[in-house]
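Asker: Protein chains in written order, with the numbering used here: chain A, 1 to 336; chain B, 1 to 308; chain C, 1 to 304.
These are calculated hints, taken from the structure and not from any lab test. Note that CB positions come from ideal geometry on N, CA and C, so glycine has one too. You may find that some hints are simply not true.
Derived CB-CB ranges, DEER-like [what the hints assert, rightly or not]:
1. A:Pro39 <-> C:Gly131: 56 to 64 angstroms
2. A:Pro112 <-> B:Met55: 18 to 26 angstroms
3. B:Ser126 <-> A:Ala151: 21 to 29 angstroms
Straight-line C-alpha distance at most 27 angstroms; calculated BS3-like pairs for lysine-lysine [unchecked claim]:
4. A:Lys97 <-> A:Lys203
5. B:Lys7 <-> C:Lys133
6. B:Lys7 <-> A:Lys133
7. A:Lys138 <-> B:Lys7
8. A:Lys98 <-> A:Lys206
9. A:Lys97 <-> B:Lys7
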Amino acid sequence: MSSEVTTQDLLSIEGLSIVYEVDGETTYAVNDLNLSLKPGETLGLIGETGAGKTTTALGIMGLVPSPPGRIASGKVVFAGEDLLQLPEEQMRRVRGKKISMIFQDPMTSLNPVMTVGEQIAEVILIHEGVSRKESVRKAGEMLEMVGIPAARAGDYPHQFSGGMKQRVVIAIALACNPDLLIADEPTTALDVTIQAQVLDLMKALKTRYNTAMILITHDLGVVAQVCDKVAIMYAGEVVESGDIRDVYENTRHPYTKGLFDSIPDLDHTVGRLKPIKGMMPDPTDLPSGCKFHPRCPDAVASCATTMPEAVTTEAGHIARCLILKPMAEPSNRVQG
Amino acid sequence: MHRFIVKRLLLLIPVLLGVSLLVFAIMSFTPGDPAQLILGENAPLEAVAELREEMGLNDPFVLRYARFVGNAMMGDLGQSYTSGRDVFDEIFSRFPNTLILAALGVIIAVLIGIPVGIISATRQYSMIDSGSMIFALLGVSMPNFWLGLMMILLFSVNLGWVPSGGYSDWSSLIMPAITLGTGSAAIITRMTRSSMLEVIRQDYIRTARAKGVAENVVINQHALKNALIPVITVIGLQFGYLLGGAVLTETVFSWPGVGRMMVDAIRQKDAPTVLGTVVFLATTFSLVNLFVDLLYGFVDPRIKSQYA
Amino acid sequence: MSQEMTLALNETSAEATRAAPKKRSQWLEVWHRLKRNKMAMAGLVILSLVVLAAVFADLIADYETVVIAQNLSDRLQGPSAQYWLGTDEFGRDIFARIIHGARVSLMVGVLSVAIAIALGGSLGAVAGYYGGKLDNYIMRVMDIFLAVPSILLAIAIVSALGASLMNLMFAIAISSVPTYARVVRASVLTVRDQEFIEAARAIGGSDARIIFRHIIPNCLSPVIVQGALGVAGAILSTAGLSFIGLGIQPPEPEWGAMLSGGRQYLRHAWHVTTFPGLTIMITILALNLLGDGLRDALDPRLKH
């Protein structure tokens, strides 16, 4: 925390709601989500499977498949512009150039009939207005940067291992030096040892280019390694967010507390694990009021009827929980 | 790569031997005495017996088959019982006509099938999609010889635009080619559509969009290149099928091709012609399939790697 | 310890038997999905009409007097109140002949496919299950059959054995065997290596039991779909072969043969060729719709 003038948010999501409508059934994937990120920051977006993390990411990128999916409301303000209002033509110029995204499964993320060099060069060619020759050269550079010899640019994806494929994917994502990189579970499909390598690579590149990053994951260990901030998602909304140390040490939302409690501790012997009781709610039939209330050990009567507003501390630590209200302080962003 | 081609060509030999054995065995069940057939009903018994001896018809099966294969490899498929001429010459003189028809049929099928399949896939559930799927379904369900007859009825008999049969000039090609091509067009349309639909769902298409690639480039380059791979196999199969299916179309349009010759030969119990034609067409079919396999390996880098 | 094991084993076999009634509702599930597909249902309805026509053919039109008896004074008449679809070149009622023709087509179609499934399926199952050299030999032989376009093979067989209903059925069946061999073999290969087969062996299942209780049920779906489409193809082949004179012999009514007979009268009596052809198309269409619908209904991955 420095005493500079507060820097402008790079990304600010306000009240984003995304639904999927299939065969008359509506799935509420993202519900009134709020999130913000400053330039160069790394945010870990944590949540269980089905919490809506990927849909949020797709929403930022404007890639929510449009027949079943629909942005119901909200704003995604990036560098001052609401991306949701941009026409497709302009949004395309943002993708790959200002905001890049990498997906979970490297085995299927690359086009099998194009060489890796071509796939990297393509993104450069589209956005940087250079000659084909130049784009090929730059593609080679990017390969080197992710630790793959440039001579392999003419090889096809199936000739690489899973970890190397993911590196290629990272090379594609960073080729145009984007301001924001969204990484959706980039290491989940990889072996643990490869995981570490890829994470280190991402950290190094992030520092080198000062890229902001949203790292979507369900693995708390990964978040601890790489992120500055963390946001916890449940049933399509962010229930707690803030500086990573602050959230770990001063956990405020009951769900987050439950998550941290369920991790077995290496230092102590434990008779039973402590999972959070109950299951994730059905996104087509969400609970009223606070969506966590059926599973919450601290729930009170009003939790079932009232949607909790965000409660912010002066350190920028936000949590959405009714029982925190009495302790609320008006948010003031002055750092001390 | 060359080693692979040679290997596949070598593998073709046992298959072709098997085919010739199969067809030869089948044809050997033909009732009736060929020598009798050639000399006519009133020929004296000794003459028939002598001819049988000459033709080697009394030899054991294996010997006759070996003789057939030996001759066939040198281009001698025997002589027609009815005309006495070399079967191979007869086939060769008519094959170009069948080939033109089959080739045109495939071209029509591809020129219609692939674009319609792509459009259907990219506009799934739209009117265009439903419309083309209905047409494709009708095309697959229609007996092609009936289609030919209906076309003759409409365009030759009633409208007089094109000749109703025979091969007089280029306008004679139109109806037979369309008749042959319709069924294949329907199949290729369906195949292209389902392949595209599957490819569009893939992760790497999502990656391409996330890179900011324009949508038409995503479809026509990223998706199509992958979607067409299985379609190539189908096209090859269709060509082979057309070579065989031309039999019916040629009959309807009195087309001077190999298929019609075979039908006539069957009526006249001219076994060598039938045998020779089937073996010839089967060989052509196998070569076409081999070519398609090679093409497949060429186009899909994953397969290419296996054989490099 | 062994008491627990026995308990566990009993539970497993109880599970297994409990699994059986679930299977029945699986078919109901498929039926429900099929019902939702309107096109497939349309196909089923049309097909039922064809089957009914075939079954009650004799009631609708007497064979001897109406179908094969020639009536030259009435020849080549257009559709009228007396002859709904007109008469053919021998003065016979086309409608009646079409109805009786359904009998022949369906019989050849279904029987030839049944034979092909039985033969081809067995070959494919053996090849897939035992693998190795046996698989190789069987599939090489199948390749040889497949190297000849199936119509040509059928033509060769019929021309050698003589044109009759039996030979036609046999010829079409033989030329379809490789297709079913391939389909079944592919299914068997997919299932054979899955873990639940290993599990079945681990609790002591014999080869035969495994084949019948586990592998075959998984092969049913593609075979059913291919079978429906196969009947369509068989009917088309029957019509085609009869058209060139290699199939059902006159005076038996057969749709393709009727087309052939009416060919020379195309100019003035188009109805003789149009109606039988239309019937073929509608029947094939119905089978294709049903086949497509079955494919969608049986596909576990679809929609969810």
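Asker: If a hint holds in the structure, say so; if it does not, say that too.
Answerer: Structure-based check of all given hints:
Range check, Pro39 of chain A to Gly131 of chain C: Cβ separation about 60 angstroms, and the 56 to 64 angstroms hint holds. Our hint of 18 to 26 angstroms for Pro112 of chain A and Met55 of chain B is violated, since their Cβ atoms are close to 58 angstroms apart. A C-beta distance of roughly 46 angstroms is found between Ser126 of chain B and Ala151 of chain A, which places it outside the suggested range of 21 to 29 angstroms. Taken as a hint, the Lys97 of chain A and Lys203 of chain A pair is honoured in the structure, with Cα atoms around 19 angstroms apart against an allowance of 27 angstroms.
Among the hinted pairs, Lys7 of chain B with Lys133 of chain C is consistent with the structure: their alpha-carbon atoms are about 20 angstroms apart, no more than 27 angstroms. Between Lys7 of chain B and Lys133 of chain A the alpha-carbon distance is near 39 angstroms, which puts this suggested pair outside the 27 angstroms criterion. The hinted pair formed by Lys138 of chain A and Lys7 of chain B fails the criterion: a straight-line CA distance of about 41 angstroms is larger than 27 angstroms. A threshold of 27 angstroms between alpha carbons decides the hint, and for Lys98 of chain A with Lys206 of chain A the separation of about 14 angstroms falls inside it, so the pair holds.
Distance restraint check for Lys97 of chain A and Lys7 of chain B: the Cα-Cα separation of roughly 48 angstroms exceeds the 27 angstroms cut-off, and the hinted pair is therefore not satisfied.
The structure does not agree with the numbered hints 2, 3, 6, 7 and 9 stated previously, though it agrees with the rest.
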